[in-house]
Amino acid sequence: MNASTWRIGPFSELLPGPLALKLDLDGELIAGAQVERGFLHRGVEKSFEVRRWGAVSVSADRVDPECAPAYELAVVSAVEEIAGISPGARIDAIRRVVCELSRIASHLLATVRMAQAVGSETIPHYLLRDRERVLELFELLVGNRFAYNFFRVGGVAAEVSDGFCERALQVCDLLRERLREYNDILSFNEIFSSRTRDLGVLSAADVSALGITGPNARAAGVAVDVRRQAPYCGYALVDDVASGSNQALMGSAHDRFLQRLREIHESIAIVRESLGRAAEAGADVLPPVPAIPAGECYVRVEGPRGVIGCYVVSDGGEFPARVQFVTPSLRAMAAVPRLLRGTRLEDLRLLLASLDISVSEADR
Amino acid sequence: MDLDRLLKEFDHQQFVLGGAAGGSGVPVIWIDAKQLQPLCAGLQARCLPEFDRLEAILCAEIDQAIMLTYLIKNSTENQLLGVRISVPAKDIAKAVRVLSVAHLWHEAAAHENDLASLFGIEFVETSPDAPSAEIIVRPVAASFGGFPMRKQFSFSAAPGPASPPASGGHA
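Protein chains in written order, with the working numbering: chain A, 1 to 364; chain B, 1 to 171.
Here chain A stands alone, though its shape is the one from the complex (with noise of 0.2 Å):
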């Protein structure tokens, strides 16, 4: 036995974030585990209580800029449900088509991560290309690749621009034809395929005892999706909502990069069908910002990464008095230590990877 201790972190290229790992090491078996975080602490959740209610989506674009919008939609819809506003069909079918593009944006970056971990240089180039077209629609509908600060309490801050919805269609029709690509260049590309088989397998019990939601979840066969569960924002009347989990999956890291590519080809369903609504002339999308009335709320939105929590206090006054964000990147983070174990040093940027952690939503 050749036993050893080593720290990795904060800053290393085989992790996430900012994230400290102690290892013990047997050979270049992982042996034990633990995970120090907080290294990315920013006090976004106290930032809101220093800005008015009208700049809340300023605020939420920072807990994760990779999935902004989800952020921006829980807590608009937090306070929302507090002012007792409802933002109507076309206004939800507007804020869907925003969080389903940056879902398939997220998770086309996922499995970036995961093609670089295994060595791979040709493909993330192919999957990094399709995902700036996504990042493009952004750019013509709010003007921003990142941090949109698009939605707003009862609205969203511009009319659709001239000319998204028809490139919409389009980048939903190329996305779905290289669906078949990636499909074809990773999940029959031997070395991705043999790396990851049997890596970090996450079992449904673990899923349920460590809180683990979205894809993670879902590839693990366990059926969670607030959408479908419990719909918001016109989820309901969407017939492509995800259905959940697919039994044939076992939680392992093929699985998780699988169950992704299978969201995006239900994203992009989604977005197909939203859209129609979205283009539709309607009322003013950008309402007046109301007074906020004392109150509380709870609210839940399936992120990119799982669900999100987001918990809003107001006295009644112009500022929010407490926002908090409970984020599924905290609850992936508690099966790192369990799913290292056992693991081969080597393998340990791909598990991360597979795992799509986002240190900045966990600390926020």
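A few chain B residues that face chain A, going by a derived Cβ cut-off under 7 Å, partial list only: (1) Leu17; (2) Gly18; (3) Arg138.
BS3-like cross-link-like pairs, simulated, lysine-lysine; straight-line CA separation at most 27 Å: (4) B:Lys90 x B:Lys151; (5) B:Lys151 x A:Lys46; (6) B:Lys151 x B:Lys34; (7) B:Lys90 x B:Lys34; (8) B:Lys94 x B:Lys151; (9) B:Lys73 x B:Lys34; (10) A:Lys46 x B:Lys94; (11) A:Lys46 x B:Lys90; (12) B:Lys94 x B:Lys34.
Because the hints were derived from the structure by calculation, they are not lab data. Computed from a predicted structure; not experimentally measured. Think of the CB as a built atom: it goes at the ideal place given N, C-alpha and C, for glycine as much as any other residue.
For this one, chain A is given, so just place chain B on it according to the hints.
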């Protein structure tokens, strides 16, 4: 034992927290902080259907009191229930003590760690069944000299990051 029968054993107030689960709201039981562990143990072990998971611990400071709402879940029926306690937090420099529920729901440890150093809450573990610490949260409060999420905390009084003088340090 059903939920209503269990609740008869505890002094409580009941209300509905707006939102969650498509706008249907979450029933919340507000109890004395001393009753937290017995009620949670009852909800987990004696109540049918059992509340087997903890979804989140919500925390807010209202009127110089820390208000904690434990959102617990019956995963069979996907049903949420809130258990709320309130502890006075008048002294900005002093952490408040709350009993931990990590021995009942292991996922609580992550949520408790998340709140502890920011709000100044010491979650006291009384059971040997508590999970070992596999996730360590770097304490942020030490550099702030207080608990930055408290309402009374003054950011202008907190020491800022060390930076060189405008002159670059040269006379």
